[in-house]
Each structure stands twice: as structure tokens, then as C-alpha cells.
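Engineer: Protein chains in written order, with the working numbering: chain U, 432 to 769; chain Y, 15 to 312.
Derived from the structure by calculation, the hints contain no laboratory data. Glycine included, C-beta positions come from ideal geometry on N, C-alpha and C. Among the hints, a few may not be true.
Stated by the list, open to error - Quick look at which bits of chain Y chain U covers, simulated, 3 or more residues with Cβ under 8 Å:
1) 189 to 202
2) 261 to 272
3) 289 to 295
Claimed, not checked - The list that follows gives simulated cross-link-like pairs (lysine-lysine, DSS-like), each with its CA atoms no further than 25 Å apart:
4) U:493 - Y:138
5) U:578 - Y:29
6) U:514 - Y:198
7) U:633 - Y:207
8) Y:138 - U:578
9) Y:207 - U:514
10) U:578 - Y:34
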Amino acid sequence: MNETLLEIVNLKVHFDTEDKRVTAVDDVSFTVNNGEIVGVVGESGCGKSVTSESILRLLDEKHTNYEGEIRFNGRNLLSLSPKKMREIRGNDIAMIFQDPMSSLNPVYTVGNQIQEALMLHQNLSKAEARMKAIEMLKLTGIPAPEKRIDEFPHQLSGGMRQRVMIAMALSCNPSLLIADEPTTALDVTTQSQILDLIKSLKDEFNMGTIIITHDLGIVAEICSKVVVMYLGQVIEEADVSSIFETPLHPYTQGLLKSIPHMEGNRNEKLYVIKGKVPTLNQVPPGCRFAPRCEFATEKCKVSAPILESYGERKIRCWNFKEIQESSIQVNRGETLNA
Amino acid sequence: MTRELHVKELTSIKKEMKDKHRSLMVKKFRSNKLALTGAIILTIIIISAIFFPLFISSSPYELDTVNRLQAPSPEHIFGTDNYGRDLLSRVIYGARVSLVVGFSVALLTALLGTIMGLYSAYYKRIDGLLMRISDGLMAFPAILLAIAIMASLGANTTNVIIALTIVFSPLVARTIRSASLVIKEQTYIEALKAQGASTSRIIWSNIFPNIISPLIVQATFIFADSIIVEAALSFLGAGIPAPAPSWGNLLYDGKTVIFNAWWMTLFPGLAIMLTVFGLNLFGDGLRDLLDPHSKSKK
């Protein structure tokens with residue numbers, strides 16, 4: 432059951448702009464197994480969307496250069512011909528986009544759009560595709576799918592449209608689903624419905640799933656593994672409980688501390704990781720997080736740490752052991768004071 | 015069996031919804047005074063151009079030198095020209111020429127402009143080439159360019175259509191290109207790519223339906239413009255060759271006797287004005303109807 436489905440090995444994505452080359456994704460590696468939900472988290476601009484788009488090779492290839500490998504079921508996606516790639520898109524790997532409001536073509540009915548993929552990849556007749564589309568809509572929890580199928584996107588609410596998108600993505604039974612911030616544009620109740628749906632569909636089809644998000648709540652709710660990215664690099668990778676219980680990297684710790692709490696003093700200032708994400712033009716020479724890290728030493732500023740294994744997890748930090756010890760001491764101190 | 019019934023039921027629901035949508039469009043169109051007026055004017059002109067020649071006996075070519083330059087009378091409602099030809103039948107036959115030219119040009123530019131616009135929106139390299147060519151073509155005043163093309167091709171109806179198509183295609187291409195550039199960046203196009211749709215599928219079955227409204231509106235205006243430019247070309251002697259009764263030729267004939275026979279310039283002029291007016295009203299109305307962004311102020 433837990434076979435490796437997708438293996439990203441040392442992926443680098445360079446964009447050639449007019450005057451120089453920008454590396455948006457730098458040496459990213461992680462794996463996704465069948466029936467596993469992997470969360471990719473990080474701030475805006477950290478390369479998580481670029482990583483996901485390069486899996487499907489949706490980036491404009493004229494200005495993009497890939498290095499490394501993206502192995503899907505043993506085949507390197509980066510070396511496939513455009514035609515082979517088209518056969519994989521939608522059929523084996525499907526993607527759900529962030530904005531359900533603009534992810535459907537306004538001139539066609541939703542049924543029409545779901546059928547299109549089915550007729551393209553599964554060679555179904557129009558009537559069969561229609562039956563299947565209704566079935567998929569029912570599966571995603573849309574009431575009266577027989578009627579909804581003939582409606583245009585503007586007649587549906589945001590949650591409905593996202594369901595349609597999911598129905599569309601899942602219609603060909605893909606083995607890998609990439610969800611790029613699938614619930615960002617939705618309200619909380621719809622959000623949890625959609626997440627439940629993704630989770631149950633994953634169990635039903637044993638599908639590997641990558642969820643790209645900046646919402647750690649989503650990660651805690653449905654992911655089994657978490658990949659934390661910062662400025663184009665993976666800085667920490669661990670299973671979901673270790674990330675939340677003992678975050679190793681100072682950046683992950685910062686992210687967790689930045690979550691506003693439901694309870695507590697309202698006047699208390701929220702925790703903020705100081706500084707800003709530098710642009711890709713001014714990547715720091717040493718550890719990329721060093722300028723914003725409260726534990727940074729001289730070594731961090733000059734030489735870049737590598738992603739090293741630490742038990743089951745992976746971490747890119749020179750001092751994580753010391754940091755962990757110091758944070759435990761602080762915790763103990765706090766307990767003592769209380 | 016039940017499945018068949020099911021499908022039948024669904025198709026009937028679908029049909030009902032389509033009908034509802036259609037009747038809504040008709041209603042909207044009726045309440046749009048501009049489009050309605052334009053449509054009525056155009057219908058009258060088109061119907062008279064098609065059916066009038068069946069009812070009027072006088073041919074537009076029949077010379078009657080005795081009765082030349084007759085003022086409008088019950089016998090010749092629009093009067094006669096300097097060869098004694100019946101002006102009414104010449105204006106009506108002229109409508110045929112003008113409408114055929116206008117319609118063909120609108121159709122051909124729509125076709126050519128759409129292909130140019132869609133592909134240059136999608137492919138950067140084609141864009142560079144095609145848009146520079148259109149820039150070059152658009153830098154010339156329409157009339158001058160048309161005259162130049164006519165001069166090299168020779169004067170006849172087909173060449174007028176060719177010349178005007180060359181003159182007006184860049185305009186359509188521009189409109190289509192800018193509309194498609196907007197559509198191309200929509201998430202659903204990326205989603206389609208992620209679904210494995212091919213480029214031609216994206217261009218023709220997904221971008222194209224989204225740009226039909228601006229295309230129709232633009233084509234209506236090109237229709238009107240090409241009637242004017244065709245008349246101007248014929249007036250200058252670079253268009254439809256005499257003795258064919260195009261509106262421009264009629265104006266040209268009337269020019270020399272404008273102080274003696276006002277009817278020879280008035281009626282063809284009115285015909286041009288009314289047709290173009292009708293087309294422009296229709297185009298404006300259509301734009302309000304089809305483009306949700308430019309709703310007419312009420």
C-alpha cells in the first residue's frame with residue numbers, strides 16, 4: 432500500500448528573466464506515497480506553488496529550466512515529451528487550483544467541463560461521460576447533481592465550484608492529486624467540508640495527495656507528512672505530529688508561534704518572525720534563514736547548511752540540536768516559574 | 015431502461031433551461047432601444063435590397079436620354095440621372111453591391127482577424143511578427159491604403175473586398191488579441207492545461223467562445239466602415255467600376271450636377287447614411303447586450 436508514488440529528487444527550477452537567472456526552487460527533494468497526504472507549507476513566495484506546477488510542467492517552458500528529477504511511478508516527468516506529458520496531466524496527476532471563482536470556464540456548463548476530461552482521457556462516449564460526471568458530482572456532495580450539471584459556473588456558489596473542480600480533478604481517478612491552496616478562498620465551514628471530502632476520497636481511491644497551503648490548521652487536520660519550505664528550499668520535513676510537538680527548525684518554530692490563539696489576552700501582541708522574506712535576487716550566502724533567525728551564529732551567515740536526516744525527519748540547520756536544548760530549558764524554566 | 019428514461023428527463027431539463035435563457039436574451043434585446051432601432055433600419059434596407067428589384071420594372075442600366083436629369087416624380091420617385099437611368103433602381107441595386115461588399119468584408123476580417131488575434135495572444139513569436147505587420151498596416155489611413163491596394167490589384171468588386179479585408183483585419187486582430195490575452199491568464203485555462211488539454215483545444219474550444227461577443231460587435235462596426243470606405247473608393251474611381259450602380263459611383267455621377275440635380279447626391283447619400291447609422295446603432299446595442307462590462311447608463 433505504501434509504495435512510493437512520486438519522488439522529487441534535487442529539483443531545481445530556474446527562471447530566465449531578461450537580464451539574469453532566478454532560482455525559484457533550489458534543491459527540493461521529498462516523496463509522496465500512495466494514500467498519503469503531504470502538506471507543503473511556507474510563506475508566500477517560498478516556491479511551493481512553483482514546485483507543484485513543475486510536477487505537472489505547467490510553467491512556461493521557454494523561460495524555465497529544470498534540474499534534478501521528478502519520478503512518478505518510476506518515470507522521470509521532466510524528460511517526457513509534451514505529448515506524453517499531456518496524457519499524464521488530468522489522467523494520472525490532477526490538480527485543484529486556489530481560486531474556484533475563476534477556475535471554471537464561464538461559457539460552458541459545469542457538466543460539459545467535467546465531461547471534457549473524461550472524453551479526452553478515458554475515451555468515454557458523451558452519454559457515458561455525462562453519467563460519470565453526475566456520479567462524480569454526487570460523490571463530492573453536490574445536491575441534485577442531475578440539475579446542477581447543466582448549470583453554468585456563475586450559477587454556483589464558491590464552495591460548489593470548488594466541489595466541481597474536485598469532481599473534475601478526480602473524474603479520471605488520478606493516482607496523485609495536487610491541491611494548491613484548495614480552501615483559501617472559502618469560508619471556514621465550507622473549508623472543513625472540502626477537507627473532509629479530500630480525506631475521504633483519498634481513503635477511497637488510495638490516492639497520493641500533495642496539499643500546498645500556508646494554513647497550518649489544514650496541515651494539522653489532514654496531512655500525515657509535512658514539508659516546510661523557505662525561499663525555495665526544504666528546511667524541514669517530518670511527520671505531522673513531530674512538526675507540531677517538537678519543531679526543530681527555528682523557522683518552523685516561528686511559524687507555529689505566529690498562529691493567533693483563540694483564547695488568551697487580546698491586547699497581547701502576536702508573534703512575528705522579524706524581517707521579511709528576501710527576494711530571490713538577494714539570497715543570503717549562508718543559511719537562507721540566518722538574517723531572520725534569532726539563533727543565527729557566525730557559521731550560519733557564511734556557510735549554507737545541508738538537509739540532513741535526523742531519525743525519521745530531515746532538517747536544514749546547523750544548530751538545531753542546541754536550539755532544541757535551549758528551548759526545552761526555557762520551557763522548564765517556565766514550568767518552574769508557574 | 016430506467017437509465018434511458020433518466021437521460022431523457024435530463025435532456026428535457028436542459029432544453030427547458032436553454033429556452034429560458036434564449037427568451038431572456040430576446041427580452042433584453044427588445045428592451046434595448048438602440049439595438050432594436052438599428053435592427054429595424056437594417057432589416058428594411060436588406061429586405062428592399064433583396065426583394066425590391068423583383069417589383070420595379072426599370073433596370074438600373076436602361077438609358078433614356080430624353081428623360082435625363084428628371085426631378086423626382088411619381089414615375090421616377092428618386093428622379094433620373096444624367097443618362098436618364100432610374101435613380102431609385104440604381105440606389106436599390108447599389109444597396110446590393112454595398113451590402114455584399116460590407117458583409118463579405120465583415121465576414122472575412124472576422125475570420126482572418128480571429129485567427130491572427132488568437133494565435134498572437136497565445137504564441138509570443140507569432141505575436142511579434144503579426145502585430146508589427148498590423149502596426150504597419152494601421153499606420154496608413156484606411157482610404158489611402160485601400161486606394162494603394164486597389165491601384166495594384168485593379169478595380170473590380172472582388173478586389174474591393176480583398177483590399178478592405180487587408181485594411182480592416184488588423185483592427186479585428188487587435189481586439190481579439192487583447193480579449194484573448196485576458197482570457198488566457200484566467201485560472202481555468204491553466205486548469206485545462208493541468209487536465210491535459212492540447213493547445214488547439216484550449217485556443218479554439220475554450221478561448222474562442224469567450225471572445226465571440228467582442229468579435230460580433232467589432233464585425234458590425236467593420237461592416238459599417240467598409241460600406242463607407244467602399245463608397246469613398248468608388249467615388250474616387252478606385253472602387254467598383256462604372257456603370258455598376260454602387261453608392262459611391264452614384265455620388266460621383268451626381269457630383270458634377272449637384273447644383274442642377276440635387277436628388278442625384280441626396281438619395282445615395284441618404285442611403286449610405288441610413289445604412290451606416292443602422293449598423294452603428296445595432297453594433298452599439300449589441301455591445302451593451304453582450305458585454306457585461308459596458309452596460310449602457312440608464
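Engineer: State for each hint whether it applies.
Structural biologist: Status of each hint after checking the structure:
no.: 1; hint: 189 to 202; in the structure: holds (count 3)
no.: 2; hint: 261 to 272; in the structure: violated (count 0)
no.: 3; hint: 289 to 295; in the structure: violated (count 0)
no.: 4; hint: U:493 - Y:138; in the structure: holds, 10 Å
no.: 5; hint: U:578 - Y:29; in the structure: holds, 12 Å
no.: 6; hint: U:514 - Y:198; in the structure: holds, 21 Å
no.: 7; hint: U:633 - Y:207; in the structure: holds, 23 Å
no.: 8; hint: Y:138 - U:578; in the structure: violated, 41 Å
no.: 9; hint: Y:207 - U:514; in the structure: holds, 12 Å
no.: 10; hint: U:578 - Y:34; in the structure: holds, 15 Å
The structure does not agree with the numbered hints 2, 3, 8 stated previously, though it agrees with the rest.
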